[in-house]
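Asks: If you want the building blocks of each chain, they are given just below.
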Amino acid sequence: MGGCCETAGLGSVVLMSINEKPKLEATLITGRTIEQGVEKEYGKSSREYAESVAVCYIDAEDMKKLGVKEKTNVQVSTRFGSVVVKVLKSPRTPHPGIIFIPYGPWANSIIDPETHGVGMPSFKGVPATVEPAADKPVLSLTELLNAQFGKV
Amino acid sequence: MSVVTAVTCPVCGCLCDDIELTIHDNKVVKVKNGCAMCEAKFMGYSSEHRLLKPMIRKNGELVKVSITEAVKKAANILAEANYPVLYGWSNTSCEAISVGIELAEEVGGVIDNTSVVCHGPSLLSIQEVGIPSCTLGQVRHRADLIIYWGSNPWSSHPRHIERYTAFSHGRFKKSAWKNYVTKIKALVGRKKVQSAIKRLFVKEKIPSAVALSNFRHTPYLQTGKNSRKLIVVDVRRTKSAEIADYFVQIEPNKDYELLQALRALVRDQELEVDNVAGVPVEYLEEIVDAMVSCDFGALFFGLGLTMSGGKMRNIDAALSLVRDLNMRTKFVIMPMRGHFNVAGANTVFTWQTGYPYAVDFSLGYPRYNPGETSVVDILLRKESDAALIVASDPISNFPRKAAEHLTENPLIAIDPHMNVTAQVADVVIPSAFAGIEAAGTAYRMDHVPIPLKKVVEPPKGVLPDETILQRILAEVKKLKQANVREEA
Chain A
108 MGGCCETAGL GSVVLMSINE KPKLEATLIT GRTIEQGVEK EYGKSSREYA
158 ESVAVCYIDA EDMKKLGVKE KTNVQVSTRF GSVVVKVLKS PRTPHPGIIF
208 IPYGPWANSI IDPETHGVGM PSFKGVPATV EPAADKPVLS LTELLNAQFG
258 KV
Chain B
751 MSVVTAVTCP VCGCLCDDIE LTIHDNKVVK VKNGCAMCEA KFMGYSSEHR
801 LLKPMIRKNG ELVKVSITEA VKKAANILAE ANYPVLYGWS NTSCEAISVG
851 IELAEEVGGV IDNTSVVCHG PSLLSIQEVG IPSCTLGQVR HRADLIIYWG
901 SNPWSSHPRH IERYTAFSHG RFKKSAWKNY VTKIKALVGR KKVQSAIKRL
951 FVKEKIPSAV ALSNFRHTPY LQTGKNSRKL IVVDVRRTKS AEIADYFVQI
1001 EPNKDYELLQ ALRALVRDQE LEVDNVAGVP VEYLEEIVDA MVSCDFGALF
1051 FGLGLTMSGG KMRNIDAALS LVRDLNMRTK FVIMPMRGHF NVAGANTVFT
1101 WQTGYPYAVD FSLGYPRYNP GETSVVDILL RKESDAALIV ASDPISNFPR
1151 KAAEHLTENP LIAIDPHMNV TAQVADVVIP SAFAGIEAAG TAYRMDHVPI
1201 PLKKVVEPPK GVLPDETILQ RILAEVKKLK QANVREEA
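Those sequence lines, one after another, are chains A and B.
For the first sequence, the numbering used here assigns the number 108 to the initial residue and increments by one for each residue that follows.
For the second sequence, the numbering used here assigns the number 751 to the initial residue and increments by one for each residue that follows.
None of these hints come from the bench; they were simulated from the model.
Heads up, a few of these hints could be off.
[Claimed, not checked] Here are the simulated DSS-like pairs of lysine-lysine, each with C-alpha atoms no more than 30 Å apart in a straight line:
1. B:LYS989 to A:LYS171
2. B:LYS822 to B:LYS808
3. B:LYS1151 to A:LYS243
4. B:LYS941 to A:LYS178
5. B:LYS1004 to A:LYS130
6. B:LYS948 to A:LYS171
7. A:LYS171 to B:LYS1004
8. B:LYS989 to A:LYS130
9. A:LYS193 to B:LYS1151
10. A:LYS196 to B:LYS948
11. B:LYS948 to B:LYS935
12. A:LYS172 to B:LYS935
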């Protein structure tokens, strides 16, 4: 890893070294989308369900900074893990530095399990980094479960 | 072909009870009045992902078995466990939940419902601060100011705005729909003019921040006596934010700060800063003006408050803000409950155990201490040694670390669909859909009980949750009696 030359803030892109891919420092929010709401009712084994939740909504400006196009793969990492999902351009902007992944097994691979003594993990507001990952595939639900629990 | 009217929709906490279903050959073929999720539920309940036969994991594979064998296996797992977790409950009827609690007491386990990862912090806070609330009917007929904080009803409760708040036609308050349409038309017109000017004269791009500030500060167009105003507070622009008269875009994890700042402003105190949580104080003053000058305000808060930094303390501040506002005008507050019967789960839990969720029976009497007896904490500490999941999907919905321990436990799933939890479970028992194939009672988010209808027959051999749980309970009791006899 190369040296970091600037202080990273939300929405800022840090170039670690000339050969490395840009990284976006962001805050991860997970939540409901109507697509996720509809597909979960039809059945979670479907491809459509996976397509509705294995995505990450990013601000168009942030996408430009990262150099990623819509529907390409990115790796979202937090202190608790990392997951590869598809980028979607956020339909309502601006919200620089805020990325959104719908509720589901992909989002829950990387959220903060700490409940702070009240029973509730932190599903929203988790510090995360995003980097382009054109060479890595988005895992299907079965592949994800197998990778995480080895039991399907 | 027959039409069934006044069907209750078993999807979200709105429990819309005006759904019209067309039934043909024991199948729902048409849904009227429902939202996208409602239609998906009624049309998708019998999809290819439906579970039809009970299954038990043998040599790593799920194998079809008889219901008697599956019930016996489930009862065995629960009776043998020292500290089983019984989780789910928000997507089934109150009648089934009631049997579930009896089962938890019988096996000395922990029973918890989905509010633990939803509005659990709200319940803790309500116990501490209290809640000035009302029914949704009151809001529909009387509220002239609606606030959605950390909630995007357009996606999570699609008919909430139309049935109960800004776009509903109340007895004393009119729908804001027309204002919204006018506003959108004006905006579209303005955008067209702007782009025409840009094309003709300006080469460089108009910065988007300017366009946003224009929209953000668009005052409500109609201020008539019967009109309603809508305020949305969120970290990102949502569809709900787009229809609001005021949208407050707040920085993540800063809800507590903003709520306390609003409290200060409501009490006529001055703030010695320019911005709070990324929002100019000037704009906040405008919002507080709208709040204190309304006749009847209603604040609906979502998981944006319970899931981000501060958690229950955010709700403390929101409840206190509403308490403060009641010194100036009439104001109520209500959590936007997610699953259709999560309020029912809390209610039945409270009737039978004294506590709304996270109830531990391991000492023989109910104990309640969220943070200790809540299911995510138990799983993170790797304490449970078996789990029964009813009408829920924690493997999909819990943080990976918590789900991991669940997969290490003997796991029983009772669900109509082959969801993620069922895929990794050791015993899978298919159940009838509550509200489609089984009747019962559910509680709306404002704690109004509403009957669920049975509109079609379940597939052959598929039983309602209540019956399955009763059979497991009977089997557990039999096993325990046999154990007592053996010991004697």
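Asks: State for each hint whether it applies.
Replies: Structure-based check of each hint:
no.: 1; hint: B:LYS989 to A:LYS171; in the structure: holds, 23 Å
no.: 2; hint: B:LYS822 to B:LYS808; in the structure: holds, 15 Å
no.: 3; hint: B:LYS1151 to A:LYS243; in the structure: holds, 23 Å
no.: 4; hint: B:LYS941 to A:LYS178; in the structure: holds, 28 Å
no.: 5; hint: B:LYS1004 to A:LYS130; in the structure: holds, 25 Å
no.: 6; hint: B:LYS948 to A:LYS171; in the structure: holds, 23 Å
no.: 7; hint: A:LYS171 to B:LYS1004; in the structure: holds, 27 Å
no.: 8; hint: B:LYS989 to A:LYS130; in the structure: holds, 28 Å
no.: 9; hint: A:LYS193 to B:LYS1151; in the structure: holds, 23 Å
no.: 10; hint: A:LYS196 to B:LYS948; in the structure: holds, 24 Å
no.: 11; hint: B:LYS948 to B:LYS935; in the structure: holds, 20 Å
no.: 12; hint: A:LYS172 to B:LYS935; in the structure: violated, 33 Å
Violated hint: 12 only; the structure is consistent with all others.
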